[in-house]
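There are 2 protein chains.
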Amino acid sequence: MSLKTTNEIDIVRANSSKINDVDFDNLSFGSVFTDHMLVCDFKEGQWGKPVIKPYEPFMIDPSAKVFHYGQAIFEGMKAYKDDNNDVWLFRPDENYIRFNKSAVRMAMPEVPENVFIDGLKAILEIEKNWVKKGLGNTLYIRPFMIAIGSGVIAQPSTQYRFMIILSPAKSYYSGEVKVIIAEHYSRAANGGIGAAKAAGNYSAQFYPQKLAQEKGFQQIIWTDDATHTKLEEAGTMNVFFRINDTLFTAPTSERILDGVTRKSLIDLAKREGINVEVRSVLVDELVAAAKDGSLKEIFGAGTAAVVSPIVGFQYQGDYFELPKIENSIALQLKDKLTKIQYKLAEDTFGWTVKV
Amino acid sequence: MSLKTTNEIDIVRANSSKINDVDFDNLSFGSVFTDHMLVCDFKEGQWGKPVIKPYEPFMIDPSAKVFHYGQAIFEGMKAYKDDNNDVWLFRPDENYIRFNKSAVRMAMPEVPENVFIDGLKAILEIEKNWVKKGLGNTLYIRPFMIAIGSGVIAQPSTQYRFMIILSPAKSYYSGEVKVIIAEHYSRAANGGIGAAKAAGNYSAQFYPQKLAQEKGFQQIIWTDDATHTKLEEAGTMNVFFRINDTLFTAPTSERILDGVTRKSLIDLAKREGINVEVRSVLVDELVAAAKDGSLKEIFGAGTAAVVSPIVGFQYQGDYFELPKIENSIALQLKDKLTKIQYKLAEDTFGWTVKV
Numbered sequence: 000m001s002l003k004t005t006n007e008i009d010i011v012r013a014n015s016s017k018i019n020d021v022d023f024d025n026l027s028f029g030s031v032f033t034d035h036m037l038v039c040d041f042k043e044g045q046w047g048k049p050v051i052k053p054y055e056p057f058m059i060d061p062s063a064k065v066f067h068y069g070q071a072i073f074e075g076m077k078a079y080k081d082d083n084n085d086v087w088l089f090r091p092d093e094n095y096i097r098f099n100k101s102a103v104r105m106a107m108p109e110v111p112e113n114v115f116i117d118g119l120k121a122i123l124e125i126e127k128n129w130v131k132k133g134l135g136n137t138l139y140i141r142p143f144m145i146a147i148g149s150g151v152i153a154q155p156s157t158q159y160r161f162m163i164i165l166s167p168a169k170s171y172y173s174g175e176v177k178v179i180i181a182e183h184y185s186r187a188a189n190g191g192i193g194a195a196k197a198a199g200n201y202s203a204q205f206y207p208q209k210l211a212q213e214k215g216f217q218q219i220i221w222t223d224d225a226t227h228t229k230l231e232e233a234g235t236m237n238v239f240f241r242i243n244d245t246l247f248t249a250p251t252s253e254r255i256l257d258g259v260t261r262k263s264l265i266d267l268a269k270r271e272g273i274n275v276e277v278r279s280v281l282v283d284e285l286v287a288a289a290k291d292g293s294l295k296e297i298f299g300a301g302t303a304a305v306v307s308p309i310v311g312f313q314y315q316g317d318y319f320e321l322p323k324i325e326n327s328i329a330l331q332l333k334d335k336l337t338k339i340q341y342k343l344a345e346d347t348f349g350w351t352v353k354v
Numbered sequence: 000m001s002l003k004t005t006n007e008i009d010i011v012r013a014n015s016s017k018i019n020d021v022d023f024d025n026l027s028f029g030s031v032f033t034d035h036m037l038v039c040d041f042k043e044g045q046w047g048k049p050v051i052k053p054y055e056p057f058m059i060d061p062s063a064k065v066f067h068y069g070q071a072i073f074e075g076m077k078a079y080k081d082d083n084n085d086v087w088l089f090r091p092d093e094n095y096i097r098f099n100k101s102a103v104r105m106a107m108p109e110v111p112e113n114v115f116i117d118g119l120k121a122i123l124e125i126e127k128n129w130v131k132k133g134l135g136n137t138l139y140i141r142p143f144m145i146a147i148g149s150g151v152i153a154q155p156s157t158q159y160r161f162m163i164i165l166s167p168a169k170s171y172y173s174g175e176v177k178v179i180i181a182e183h184y185s186r187a188a189n190g191g192i193g194a195a196k197a198a199g200n201y202s203a204q205f206y207p208q209k210l211a212q213e214k215g216f217q218q219i220i221w222t223d224d225a226t227h228t229k230l231e232e233a234g235t236m237n238v239f240f241r242i243n244d245t246l247f248t249a250p251t252s253e254r255i256l257d258g259v260t261r262k263s264l265i266d267l268a269k270r271e272g273i274n275v276e277v278r279s280v281l282v283d284e285l286v287a288a289a290k291d292g293s294l295k296e297i298f299g300a301g302t303a304a305v306v307s308p309i310v311g312f313q314y315q316g317d318y319f320e321l322p323k324i325e326n327s328i329a330l331q332l333k334d335k336l337t338k339i340q341y342k343l344a345e346d347t348f349g350w351t352v353k354v
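Keeping their order, the protein sequence lines are chains A and B.
So for the first sequence, numbering that gives the first Met the number 0 puts the first residue at 0; every next one is plus one.
So for the second sequence, numbering that gives the first Met the number 0 puts the first residue at 0; every next one is plus one.
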C-alpha cells in the first residue's frame, strides 16, 4: 500500500510535551493521550484540510447528532517500535478499508486516504517518542469519526469530524478470563450494524457485561440473536475454539466483525500447518467437546488484547473448566504474531508497514 | 404524579432572548433551540446540582466515551399551550420512567425525579414564551444523557451529563408517506437494545433509510431480524394496521419501543369502541389483506409526528396502494389525541400535566 506523505496537513505543535510526566510502566489502557491529535472536518459535502494540533477538548453543540443518534465509528490500531527505533504499523490498509465500510453502513462520508493514512503517518512521525521499545509496549491508535452537525431530527448529519488520538499502552486484559455464553442478550441483529465498528455496538454490551461480571465472569461469548445456538464473538473480540488440533472460528457476517487479528491468526495458523475451519461452532458442540475432553482451548482475538486465552465457560448454569495444556496454540500464535509486529521475526506476509 | 419544584436548581439567565429572531411559521423540525438549557452532571457516583443556563456549545474531551462507545440515550416530549396561556405536558411520567429504563439497559445511572421532572418544569417556566398557541404548535423537549468520561476502553463511563434542550416545532412529517417493508436490514436484535431510546438505534437506520429513499420510499417498516415475517415498527415510530375495522399493533418487546403515543392511541381507540388487537401482524397477512381489500389503513405513531398516515407499501417488488377512505381512524385518533394535548377536549385519562 502507499503511504505517501503530502504537504496537505497543517501542523500546530504543542508548546511542551507531557511525556516526562507519564509512567510508561504503569499505564491504564486508553487513559493517557499523547501531545497531539489530528482533526479533519467534513462539511458542505467535502473534507477540509487535516490539522495536527495539541490534544485538547473541543466545543460541540448540545444538539450534535452524535449525542442523539449515535452516528460514530472508530478503529483500533497499534504502532510498534523495533530495536532500530523504527516505528511500524500492522496492516493499516485493513483498518482503513474497514473504517470506510463502517462509514458507509452508518451513512457517514468515507475518509480519503490522504486524511486517514497520510494523517496517521504524519502524527506518528511527530509522536514517535511515545512509542516505546520492548514487547508489549505499543502506541494504541484510535481513528474515529463523529457526527458534529446540529439538530434533533433523526437524519444523517451533514457535518462530521474525523480525529486520530494516540494512547501509549501495555497489554489490554489481565488475569484469568472466565466467560459466560449468552443465552438471552445479543450484540447484533441480522441486517444490523454488528459488522461495523459503530459506537453503539459497544455500549449495547455494557449492561449484559455488567451482569456477567456480577456472576464472576470477565466476558460474554455472544451467540446469534435468533437462536442462541451459534458461537459468534467474545466480548469485543473475535473468538477461536480449538477442538483436538483444529482451530474453529465463525465466518464474518453482518453480525460478526471482520477482525484484523482474526484474519491474521487464520493465515498464521495455516502457515504453521494448523488445521483451521472457518465455520460457526454450535453451543452444543462446544459443550460436548468440553465433556469428552476434545475441547483444548478458547481464545479471543483483537487488536487491543492480541490473544486473550479463556480458562473456562458457563452455559445454562454449568461451568466447564478448560484443561491446562502444554502447547497452547493461542500462545504460540500470539508469540508469532507479536514477533512479526515488533520486527523480531520475518514478515513473510508483508503485513508490516514502516512509518 | 408529583411535579413539586425544589429550590435545588441554579439558574443563570441569558442576557437577551433570540425569540424575536425566530420565524415560528417556518420552523425546520429540531433545528432552532430556545435561550436556555438544563445541565446536570454525574460523577463520583452521584448527581450534582442541575443548572439552567444559556444554550451554548460545551467543551468535551476527544476520548469521551459517548464518541467511542455510543453511551447515549434520549427522550422526545412536547409542551403545549392552551387558550388560557397555560403550558401542559403529556404523560411526562411515562417519558421519565422510560428514560430510566433506557439508562439501565445502557449501563448508565438513573436520573432522579428532582433533576428530570423538576428540571423540566423549571426550564419550561423560564421558556414558556417559546410555547406558541394553536393546534400543531409545540415546544419539542429533548432530555438526553451522554457519557462524558474520558478513555478509549470499552467500559461504562463513570461520568455522565444529563441535559434538557427545547426546540419550537410545527409538525414533523409532511407529504405522502410510502413505505417499503424491510426484507434484509433490521433495527433491533433479540436481546438487544431496540426497546431503549439509545442513540445507536437511530444511526443504525440511516443507511437502510437512505436506500429506501433512493427507491422513492419515505420510510421503512421494520420486520423481526430473524425471519422478516413480523411487522414491528415504521421508521422511528410504532406502527398500526387497520384491517376491516380492527386496529392491530405489535406488542412491545426487547425489539419494540414502548411508545407513549402508541399506548395512548390504544387506550383512546378502546374508549371510542374501536376493536384493538395487540399482536404481531405478519407480512403475509398484510399482503393478503391488501389484495382482498380488507386493509384500510397503516399509520405510524410517535411523539414527533403524532400520527403519520401511510399511503402504500412495497414488498418483494410489488407496490400496494391503500384505498382512499372517508373515515380514517388514524385521523380521528390524531384529532382526539391532539385535542386532549391542547386541552380542547376533556382529558378523561388524566394524561395532561400543567407546568
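Source of the hints: derived by calculation from the structure; they are not laboratory data.
Treat the hints loosely; a few may be bogus.
[Unchecked claim] Mimicking PhoX-like on lysine-lysine, the simulated pairs with C-alpha atoms at most 25 Å apart in a straight line are:
1) A:209 <-> B:77
2) B:209 <-> A:42
3) A:100 <-> B:77
4) A:229 <-> B:229
5) A:214 <-> B:335
6) B:77 <-> B:295
7) B:131 <-> B:290
8) A:100 <-> B:209
9) B:42 <-> A:209
10) A:323 <-> A:127
[Unchecked claim] Derived contacts from chain A toward chain B, CB cut-off under 7 Å, selection only:
11) 50
12) 53
13) 184
14) 189
15) 225
Ideal Cβ positions, reconstructed from N, Cα and C, are used throughout, including at glycine.
Status of the hints after comparison with the structure:
| no. | hint | in the structure |
| --- | --- | --- |
| 1 | A:209 <-> B:77 | violated (34 Å) |
| 2 | B:209 <-> A:42 | holds (19 Å) |
| 3 | A:100 <-> B:77 | violated (37 Å) |
| 4 | A:229 <-> B:229 | holds (23 Å) |
| 5 | A:214 <-> B:335 | violated (49 Å) |
| 6 | B:77 <-> B:295 | violated (30 Å) |
| 7 | B:131 <-> B:290 | violated (44 Å) |
| 8 | A:100 <-> B:209 | holds (16 Å) |
| 9 | B:42 <-> A:209 | holds (19 Å) |
| 10 | A:323 <-> A:127 | violated (40 Å) |
| 11 | 50 | violated (13 Å) |
| 12 | 53 | violated (11 Å) |
| 13 | 184 | holds (4 Å) |
| 14 | 189 | holds (4 Å) |
| 15 | 225 | holds (4 Å) |
Hints 1, 3, 5, 6, 7, 10, 11, 12, counting from the list given before, are not met by this structure.
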